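J.: Sequence:
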Amino acid sequence: MHTCRNCNQSFQTELALELHRDTCEEGQLFCQVCGDRFRERIATQDGWHYECPNDDCDGAGLQEDLFNVEDVRTATH
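Just so we're aligned, residue 0 is where the sequence shown starts under numbering that gives the first Met the number 0, counting upward by one.
For the record, the hints were derived by calculation from the structure and aren't laboratory data. Errors might be hidden in some of the hints.
Distance ranges between label pairs, derived from CB positions [what the hints assert, rightly or not]:
# : residue 1 : residue 2 : range
1 : Cys-6     : Trp-47    : 22 to 30 Å
2 : Gln-62    : Met-0     : 19 to 27 Å
3 : Asp-70    : Gln-44    : 20 to 28 Å
4 : Gln-62    : Gln-11    : 14 to 22 Å
5 : Asn-53    : Ser-9     : 28 to 36 Å
All of these numbers come straight from a predicted model, not from anything done at the bench. Glycine included, C-beta positions come from ideal geometry on N, C-alpha and C.
Starting from the given sequences, assemble the full structure and let the hints guide the process.
T.: Structure, rendered in structure tokens:
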């Protein structure tokens, strides 16, 4: 089983999980450093300073390394 860590929905295959991540409503932020998606609330403690929650990533700063998924989608279409 493969589980989306944003919405906790489970999938039979890794491909199904990857396809789900493209449309998951809970994955609101995108880190351009590691390519991960995550909820906004886990990327900040105070609502002002943002950093990627991935332990192996140094991405930080809203609109610096972290972007709203909708902004990324709009820019790539």
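J.: Now, for every hint given, state plainly whether the structure supports it.
T.: Here is what the structure says about each hint:
Between Cys-6 and Trp-47 the C-beta distance comes to about 26 Å, which sits within the given range of 22 to 30 Å. Between Gln-62 and Met-0 the Cβ separation comes to about 35 Å, which falls outside the hinted range of 19 to 27 Å. One distance hint, 20 to 28 Å for the beta-carbon pair Asp-70 and Gln-44, holds here, with the actual separation near 23 Å. Checked against the hint of 14 to 22 Å, the C-beta distance between Gln-62 and Gln-11 comes to roughly 36 Å, which is inconsistent with it.
At roughly 21 Å, the beta carbons of Asn-53 and Ser-9 sit outside the given window of 28 to 36 Å.
Hints 2, 4, 5, counting from the list given before, are not met by this structure.
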